[in-house]
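J.: Okay, here's what each chain looks like letter by letter:
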Amino acid sequence: MAHKIVSKKQLAENVFTAEIEAPLVSRSRKPGQFVIVGISGEYSERIPLTIAGADAEKGTIRLIWQRVGKSTAEMADMKVGDAFEIVTGPLGRPTHIEKFGTVVCVGGGIGVAPLLPIANGMARVGNRIISILGARTKELLILEEDFAGISDELIIVTDDGSYKRKALVTEPLKEVCVREPKPDLVVAIGPAIMMKFCCEVTRQYSVPTQVSLNTIMVDGTGMCGGCRVEVDGKAKFVCVDGPEFDGHKVNFDLMIKRLSAYKGQEQAAREAYKKHKCKIGLDG
Amino acid sequence: MDEDAKLLQQLLKKQKEGRLKPSDRYKIPPQAMPQQDGTERRDNVNEVALGFTETQARLEAMRCLQCRNAPCMQGCPVRIRIGDFIEAIAKGRYADALGIIKENSLLPAVCGRVCPQEVQCQETCTVGKKFKDVSKAVSIGRLERFVADRAAGPDAVPKVAPETGKKVAVIGSGPGGIVAASDTRRAGHAVTVFEAFHKPGGVMVYGIPEFRLPKAIVQKEIDVLEKMGVKIVCNFVVGRTRTIAQLMTQDGFDAVYIGVGAGLPRFMGIGGEQFVGVYSANEYLTRANLMKAYKFGAGADTPIAKSKKVAVIGGGNVAMDSARTAVRLGAEEVYLVYRRSEAEMPARVEEVHHAKEEGVRFHILRNPKRILGNEDGYVTAIECLKYKLGEPDESGRCRPIPIEGSEFTIDVDTVIIAIGNGANPLIGQTTPGLELNKWGNIVVDDNCKTSLEGVYAGGDIVLGAATVILAMGQGRIAAAAINEYLAAKK
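First to last, the protein sequences are chains B and V.
Each residue of the first sequence is one higher than the one before, starting from 51 at the first, in the working numbering.
Each residue of the second sequence is one higher than the one before, starting from 968 at the first, in the working numbering.
Please note that a few of the clues may not be correct.
[To be verified] Here are some chain V residues the structure puts well away from chain B; computed CB gaps all over 12 angstroms: (1) D969; (2) D971; (3) L978; (4) D991; (5) K994; (6) R1046; (7) R1060; (8) T1091; (9) A1118; (10) A1154; (11) V1191; (12) A1348; (13) P1359; (14) R1364.
[As the list claims (entries may be wrong)] Heads up, simulated DSBU-like pairs for lysine-lysine below, C-alpha to C-alpha not over 35 angstroms straight-line: (15) K1166(V) <-> K286(B); (16) K1336(V) <-> K284(B); (17) K1273(V) <-> K324(B); (18) K1276(V) <-> K324(B); (19) K1262(V) <-> K129(B); (20) K286(B) <-> K149(B); (21) K324(B) <-> K1262(V); (22) K59(B) <-> K1259(V); (23) K307(B) <-> K224(B); (24) K1182(V) <-> K325(B); (25) K299(B) <-> K80(B); (26) K299(B) <-> K1276(V); (27) K1276(V) <-> K286(B); (28) K1134(V) <-> K1194(V); (29) K1166(V) <-> K327(B); (30) K1275(V) <-> K324(B); (31) K1273(V) <-> K246(B); (32) K1166(V) <-> K313(B); (33) K58(B) <-> K1166(V); (34) K1259(V) <-> K325(B); (35) K1262(V) <-> K54(B).
[Unchecked claim] Here are the simulated distance ranges between beta carbons: (36) A106(B) <-> D1004(V): 56 to 64 angstroms; (37) K299(B) <-> F1234(V): 13 to 21 angstroms; (38) P1392(V) <-> K108(B): 31 to 39 angstroms; (39) D1063(V) <-> V118(B): 57 to 65 angstroms; (40) Q254(B) <-> D1413(V): 55 to 63 angstroms.
Simulated from the structure, these hints should not be mistaken for laboratory data.
No residue lacks a Cβ here, since even glycine has one placed at the ideal position from N, Cα and C.
Produce the entire structure from the sequences given, and follow the hints as far as they go.
T.: Below you can see the structure in the form of structure tokens.
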């Protein structure tokens, strides 16, 4: 079954969003779950992406991705009406949603996207939501309005100070953690290094912290183990045991190293794709 | 006419005249499988064993004594009438031979290639016993392959009974699922096969490499299913996209066969398994096979490690497949590290032989103690211990005992762990009431029925790690039970 792109736009430099036809996934997905997408069945890479939202009536899901390697660049070049051959899911265990009290949602960069359905779910059951969104610079900040709608308090920071407060997300996180009463839960999603430092902050204040990991995957159903991370000293599979884990138990240093496994090859493929595109441009 | 053809003519003549004796049959030399040259095939993924010629097949078939007690049949998990199909080959009646095999086995082109015949039908063969050498038994598997490749015509689509209006869901499109789908469809039920990957075939497409089982052969079997009217839905993860309960209560399926395979790779639990360059065999083979990583940068988008020195841990077929794949991906040195001796290796003798021919170096009675890496997190070496063999353990194989203080290291940049699979938890977690054993495998009765009404299961998810033929056998048993269940169900 082909999964057509119903709408698509660019959110920031290198960040794109699309609504994709996937009726079954749109109906069964829950916050925290992801899909594996692939452009064509024969030679494409399988890419795990968290579901940023869904419309069960329209039968669509919303994905947000960053242009990093060749495959995500190719996806960025797709147009409305183009289709993905592979959309598999929803995968992973859903987020445990309940009324905790005050939930701090920390999102960095593209991690703001998977955070949105979780924040939504947490808000819906009556949690007080404090959202902290961070980006490197103003142009890279995404989903501000969506979060404004569901947050009781919204804190925005940029690394370079080009928009709102100049800080890393860990600064306001620390301030929130020292408040009385302490927040009941922190949900942090973003680059591995950001999650690592968020966990270091919350550990000091003993605030339970949930992170959502986006590691390298092939099948997404537990079959390959490529996504494994060390949690509490044991190997866990992000696809079937996660993607969410107790952040205080995740070995982020190992995870960060594993994430770089194919960096060289990915860059080479991306460059080759760019060149190929230029050639097509000249011929046309 | 060449020597072989002459010999065949003489034998046929003798047989016609009623003068062919067992002693004549014993004199026929066991036919050697034509194969790609060992050096040449290091650089390609094409099939290694090329298949018998017609003359070879008929000569090999004439080695069969047609034993009345058919010990070969007793050795076959699905009880193929082996003597009969071999006799048909000897007579040159290949379509008949194929028909006989298909009474019991739906996938002869697959099983002829990947079945461990030397511990099944060929182990019990009288000819092999006579020579006290199982490698001199009648090559039943090669004959099965010959006839499957040779006689399969476009008309090989099985007949389907009139529609019953009942719906069967088959979860997983591996060997068990294919057989269950075919057999329930033949009974006239509407059958849908759900596959989590983007291509059907299960372990036959993601796991077993092209050089051992060409994808085209598997695809042909899938095509047959589709021609029979079986619906195949890929990218559908039962337990996630829809649960078994939803399939049965909301989507109108009357019965379900679970054939999802084992598919949760085991790691060793030793230090360093998180280093970059450590793969499960499943991941390595899936990247190389299904995702075609050997063409990375030349069409395919899935990368795989560019390895120079590879250590594969394990002694089964999957370990051999991984080592031989690493050779083809350009590794300069490939080591196979196994903690018992070669005699205990679960891999097929042929695979071990092929691996050695291709330059894989065996480190037997060795096992890694930990994996070493550099500060960037990349594998640099494995530290191993030497082992000796002790008394047999519950598996009947000699227990490997580590020799204290025997540590040594092997420099490698890639480690592939091929020590088996546990049960995938997905179906169990999402199917309340489904009874599992303590290892997470689904509990079934003799008819492959689970603890839930209308739900059947077979293959690796029930047996633990098994073989293609055992999975097929269970698919067949379950399908028969499903057909009976649905016939009785109003």
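J.: Now, for every hint given, state plainly whether the structure supports it.
T.: Do the hints match the structure? See the list:
1. Every CB of chain B lies more than 12 angstroms from the CB of D969(V), the least distance being 42 angstroms, so the non-interface label holds.
2. At roughly 41 angstroms, the least C-beta separation between D971(V) and chain B is larger than 12 angstroms, which holds for a residue marked as non-interface.
3. Its beta-carbon lying about 48 angstroms from the closest one in chain B, L978(V) satisfies the requirement of being farther than 12 angstroms from that chain.
4. Every CB of chain B is more than 12 angstroms from the CB of D991(V) (nearest about 51 angstroms), matching its label as outside the interface.
5. Against the 12 angstroms criterion, K994(V) stays outside the reach of chain B, whose nearest CB is about 50 angstroms from its own CB.
6. For R1046(V), the requirement that its beta carbon stay farther than 12 angstroms from each beta carbon of chain B is met, with the minimum near 31 angstroms.
7. With a minimum CB-CB distance of about 39 angstroms to chain B, R1060(V) clears the 12 angstroms threshold, and the non-interface call stands.
8. Once the 12 angstroms rule is applied to beta carbons, T1091(V) is consistent with being away from chain B; the minimum gap is 35 angstroms.
9. Annotated as non-interface, A1118(V) keeps its C-beta farther than 12 angstroms from every C-beta of chain B; the closest such distance is 30 angstroms.
10. The Cβ of A1154(V) sits about 27 angstroms from the closest Cβ of chain B, beyond the 12 angstroms cut-off, so the non-interface label holds.
11. Chain B leaves V1191(V) outside its interface by the beta-carbon criterion, the shortest separation being 20 angstroms against a cut-off of 12 angstroms.
12. The claim that A1348(V) lies off the interface holds: its Cβ sits roughly 17 angstroms from the closest Cβ of chain B, which is beyond the 12 angstroms cut-off.
13. Every Cβ of chain B is farther than 12 angstroms from the Cβ of P1359(V); the closest lies at roughly 31 angstroms, confirming the non-interface assignment.
14. For R1364(V), the condition that its CB be more than 12 angstroms from all CB atoms of chain B holds, with the nearest at approximately 26 angstroms.
15. Taking the CA atoms of K1166(V) and K286(B), the gap is near 26 angstroms; set against the 35 angstroms cutoff, the hint holds.
16. A C-alpha spacing of about 17 angstroms is found between K1336(V) and K284(B), which places the hinted pair at or below 35 angstroms, so the restraint holds.
17. A C-alpha spacing of about 23 angstroms is found between K1273(V) and K324(B), which places the hinted pair at or below 35 angstroms, so the restraint holds.
18. Among the hinted pairs, K1276(V) with K324(B) is consistent with the structure: their alpha-carbon atoms are about 32 angstroms apart, no more than 35 angstroms.
19. Simply put, K1262(V) and K129(B) have alpha-carbon atoms about 27 angstroms apart, close enough for the 35 angstroms limit, and the pair holds.
20. A distance of roughly 27 angstroms separates the Cα atoms of K286(B) and K149(B); the hinted pair therefore holds under the 35 angstroms criterion.
21. Among the hinted pairs, K324(B) with K1262(V) is consistent with the structure: their alpha-carbon atoms are about 19 angstroms apart, no more than 35 angstroms.
22. In summary, the hint linking K59(B) to K1259(V) is supported, as the alpha carbons are separated by about 31 angstroms, within the 35 angstroms threshold.
23. Restraint check: the Cα-Cα separation between K307(B) and K224(B) comes to about 27 angstroms, which is no more than 35 angstroms; the hinted pair holds.
24. Between K1182(V) and K325(B) the alpha-carbon distance is near 33 angstroms, which keeps this suggested pair within the 35 angstroms criterion.
25. For the proposed pair K299(B) and K80(B), the alpha carbon gap of about 24 angstroms is at most 35 angstroms, so the pair holds.
26. Distance restraint check for K299(B) and K1276(V): the Cα-Cα separation of roughly 33 angstroms lies within the 35 angstroms cut-off, and the hinted pair is therefore satisfied.
27. Taking the CA atoms of K1276(V) and K286(B), the gap is about 27 angstroms. The hint holds against a cut of 35 angstroms.
28. Taking the CA atoms of K1134(V) and K1194(V), the gap is near 17 angstroms; set against the 35 angstroms cutoff, the hint holds.
29. Proposed proximity of K1166(V) and K327(B) is supported: the alpha carbons are some 29 angstroms apart, at most 35 angstroms.
30. Annotation: proposed proximity of K1275(V) to K324(B) holds, straight-line Cα distance about 29 angstroms (limit 35 angstroms).
31. For the hint linking K1273(V) to K246(B), the alpha-carbon distance of about 30 angstroms falls within 35 angstroms, and the restraint holds.
32. Of the pairs offered as hints, the one joining K1166(V) and K313(B) holds, with about 27 angstroms between alpha carbons and a cut-off of 35 angstroms not exceeded.
33. In summary, the hint linking K58(B) to K1166(V) is supported, as the alpha carbons are separated by about 28 angstroms, within the 35 angstroms threshold.
34. The straight-line distance between the Cα atoms of K1259(V) and K325(B) is roughly 23 angstroms, inside the 35 angstroms bound, and the hint therefore holds.
35. Restraint check for K1262(V) and K54(B): satisfied, since their Cα atoms lie roughly 27 angstroms apart, inside the 35 angstroms limit.
36. A106(B) and D1004(V) have their C-beta atoms about 58 angstroms apart, which keeps the hinted 56 to 64 angstroms range intact.
37. Taking 13 to 21 angstroms as the suggested C-beta distance range, the pair K299(B) and F1234(V) conforms, at roughly 18 angstroms.
38. The hinted window of 31 to 39 angstroms between P1392(V) and K108(B) holds, with their beta carbons roughly 32 angstroms apart.
39. A hinted range of 57 to 65 angstroms holds for the C-beta pair D1063(V) and V118(B), which are about 58 angstroms apart.
40. With their beta carbons about 59 angstroms apart, Q254(B) and D1413(V) fall inside the hinted range of 55 to 63 angstroms.
Against the hints set out earlier in the document, no violation occurs for any number.
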